[in-house]
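Residue numbers (the working numbering), protein chains in the order written: chain R, 1 to 46; chain G, 1001 to 1617.
Treat the hints loosely; a few may be bogus.
For lysine-lysine, the following DSSO-like pairs were computed, each having C-alpha atoms within a straight-line distance of at most 30 Å [stated by the list, open to error]:
1) R/Lys35 x G/Lys1193
2) G/Lys1274 x R/Lys35
3) G/Lys1196 x R/Lys36
4) R/Lys35 x G/Lys1610
5) G/Lys1610 x G/Lys1382
6) R/Lys36 x G/Lys1193
7) G/Lys1532 x G/Lys1561
8) G/Lys1439 x R/Lys35
9) G/Lys1532 x R/Lys36
10) G/Lys1404 x G/Lys1555
11) G/Lys1212 x G/Lys1314
12) G/Lys1532 x G/Lys1404
13) G/Lys1533 x G/Lys1555
14) G/Lys1512 x G/Lys1533
15) G/Lys1561 x G/Lys1512
16) G/Lys1274 x G/Lys1382
17) R/Lys35 x G/Lys1275
18) G/Lys1274 x G/Lys1555
19) R/Lys36 x G/Lys1275
20) G/Lys1610 x G/Lys1439
21) G/Lys1555 x G/Lys1532
These are computed hints drawn from the structure, not numbers from a lab.
One-letter residues, chain by chain:
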Amino acid sequence: MNTSALIMMLTVWLLVFGFTAYFFIRVLVGDHREKKNGLKENTNNH
Amino acid sequence: MITMEKHVQHDFLPKKVESWGSRVGLVLAMAGNAVGFGNFLRFPVQAVQNGGGAFIIPYLVCLVILGFPLLLIEWSAGRYGGQFGHHSTPFILRRMDNRAIWMYIGVFGIFSNVAIASYYCYMESWTMSYVYHSLAGTFHGMTQNRVAEFFNDYLDLNISTTGIPFEALLFFILCLALNTWILSRGLSGGVEKASKIGVPLLIVFGIFLAVKGISMKAGQQGAVNDGITGLNFLWTPHFDSLTNPKVWLAAAGQIFFTLSVGMGSIQCYASYLKKNEDIATNAFSAGFMNEFVEVILGGSIIIPIAIGYFGVDKVVELTGLGGLGLGFRTMPFLFENWGPVMAALAGVAFFGLLFFAGITSSLAMGTPVVSFLRDEFGWKRKSAALGFGILIFILGMPTVLFFKQGVFDEYDYWSGTVSLFVFAMFESILFAWFFGLDKGWEEITRGSDIRVPVFFKYVLKYVTPVLLIVVFVASLIRPANDNWSLLSLKGWPLHNESIIAQLRHQGIGPNKDYFSKYYYAEFDGTITDILKKDGGTYLRLESGVKSLDYRVGGKQHLLVKKGDQVTAGTPLVEGRIINRVFFIDMARILLLSVFIGIAVLVFFAWRRNKVKYNQSI
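Whenever a hint applies, use it, and build me the whole structure from the sequences.
Okay, here's the thing in structure tokens:
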């Protein structure tokens, strides 16, 4: 495999996989918290 | 202005509101909605045709400035409308701005789902059938031509590939029955459960096939190239393509279709969220899950395996026929090189993953229709699901009966492409300019676990609507050969796939009348076969990878023989001919009637519930 193709592929794969894992973990954590405590009341965190 | 609290307390809200069982279930359902056939069949073809690795650059740019903003718009609009008890776009949009026009623009959000489901469920049924044929070893010992021919035969109701009469129709009904049953089980008991099974399974199947494809070695099991050769070809960046508008339009189109935006299904799913539930994290999670399936898995199956056996040149030629050709006419033949057991496993995995990708999307198309009938006309869930199943059966029948006459492609073009762009364009304008971006931003960020970058606020207001308008206008006036330098004040030749050219039937070929005495050759080629099967005579015209099968009817007779070289316009058959253009126009009239029919239903629903609606505004 040529270097430019390898760099391109690995960079994109890493980015996509990283973001997918990150956001899905956030969802899992949020799900767990909501099941434990109910939907959070204080909604304005901005 | 009236606060949301006042709305949610109103009497007219349904007493028992359905909701999602869990956030994970919702995200998987949304990801299942987005992941479809296009992730495995369309994306790799687009990448090959538009600069390989460089295609991913405009693709990712469009994901950020078009894909994610539209996801945020649709998730927040859906959750907003859900507070008023609405789960379909006509009424969600009218809640966002109380002008009647938005309600009728919202009709696109029901129409697209109905029309797309009509041909999409048919495709889904092919995958069901191919899982069966892979297990039964039907493709064992077939040549590549025979596998391709098998697909043509399968789609022809006059021919049975198994001895079962009307096989394609049977699988279509089976598929519709399954969709209807799942929809009748409700949101958390049906759709969510199906997604929790379907999405992880399709990922497992995808990983299995990707590993098998990438690890292929030249010289083993008939392969002429390593699997890596395909990846190398797909990912080598041709940066010169970045200056080509065609590549950017293709990237915008791919992002648009892959995320299933502009359909009304995301709004419907999101409308079952509670007022303070997080939408930003969920939207990004579902969006990236779709990207994982598309970019990593979708890019590592078809192309590496096909290049492994055929080489780069042949695969480039095959991609000209689109992903469907590669998926159904070629892959079963390639899997056979892996031995009978592995071929069956790979066939089940490949068509199984397509089936799960399909059904999780078709369920998302059914939900807005079921919700519309329940919310606005008080139908029970089971009746509404059955109503959807019957409607899709009726509308899907023309695609089953007249597939080869172009009805399927016509449905796909107008409902699966044009309608989505039109709806997304208007909803982005509504969200940013009529609903108001401050209110919209509050909707997007309320309850969010993550901080949504403020950058998106400006993208939502200026970039996304403008980009959608540009893409839509470009689709209207797309020049021939995608050569944008042809544009001039004096006019320019249009691409056959541009909307204006489609309306004019440009490129339809020599058979341009509804009825005629002769059927003419549509391209230069050779009559490679004239065969009799299942009581009919079939003529095959071929040129390279292009082929055309014509069934010679009872009152028609052949004017050519096997081996004849013909040019476009040469009469092939004489008799009473009904040409493709007739079926195309009938399909258009049918689709237009469906749109008008839904608009009338929306109007009556509005009148029926007007008093209650006005009370709650």
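Consistency of the hints with the structure:
Straight-line distance between C-alpha atoms of R/Lys35 and G/Lys1193 comes to about 18 Å, which keeps the hinted pair within the 30 Å bound. The hinted pair formed by G/Lys1274 and R/Lys35 meets the criterion: a straight-line CA distance of about 14 Å does not exceed 30 Å. About 21 Å separates the Cα atoms of G/Lys1196 and R/Lys36, which keeps this hinted pair within 30 Å; it holds. Distance check on the hinted pair: R/Lys35 and G/Lys1610 sit about 38 Å apart at the alpha-carbon level, beyond 30 Å; violated.
For the hint pairing G/Lys1610 with G/Lys1382, the CA-to-CA distance comes to about 26 Å; that is within 30 Å, so the pair holds. For the hint pairing R/Lys36 with G/Lys1193, the CA-to-CA distance comes to about 22 Å; that is within 30 Å, so the pair holds. For the proposed pair G/Lys1532 and G/Lys1561, the alpha carbon gap of about 13 Å is at most 30 Å, so the pair holds. Taking the CA atoms of G/Lys1439 and R/Lys35, the gap is about 29 Å. The hint holds against a cut of 30 Å.
With a C-alpha separation of about 68 Å, the suggested pairing of G/Lys1532 with R/Lys36 is violated against the 30 Å cut-off. Of the supplied pair hints, the one linking G/Lys1404 and G/Lys1555 holds, its CA atoms being roughly 19 Å apart against a limit of 30 Å. Between G/Lys1212 and G/Lys1314 the CA atoms are separated by roughly 21 Å; this keeps the pair inside 30 Å, and the hint holds. Restraint check for G/Lys1532 and G/Lys1404: the C-alpha separation of about 18 Å stays at or below 30 Å, so the hint holds.
Straight-line distance between C-alpha atoms of G/Lys1533 and G/Lys1555 comes to about 17 Å, which keeps the hinted pair within the 30 Å bound. This hinted pair checks out: G/Lys1512 and G/Lys1533 have alpha carbons roughly 28 Å apart, not beyond 30 Å. Only pairs whose Cα atoms come within 30 Å are accepted, and G/Lys1561 paired with G/Lys1512 is accepted, the gap being roughly 24 Å. Annotation: proposed proximity of G/Lys1274 to G/Lys1382 holds, straight-line Cα distance about 24 Å (limit 30 Å).
Restraint check for R/Lys35 and G/Lys1275: satisfied, since their Cα atoms lie roughly 17 Å apart, inside the 30 Å limit. With a CA separation close to 63 Å, the supplied pair G/Lys1274 and G/Lys1555 exceeds the 30 Å bound. The hinted pair formed by R/Lys36 and G/Lys1275 meets the criterion: a straight-line CA distance of about 19 Å does not exceed 30 Å. This hinted pair checks out: G/Lys1610 and G/Lys1439 have alpha carbons roughly 25 Å apart, not beyond 30 Å.
Taking the CA atoms of G/Lys1555 and G/Lys1532, the gap is near 16 Å; set against the 30 Å cutoff, the hint holds.
Hint check: violations occur at hints 4, 9, 18; the rest are consistent with the structure.
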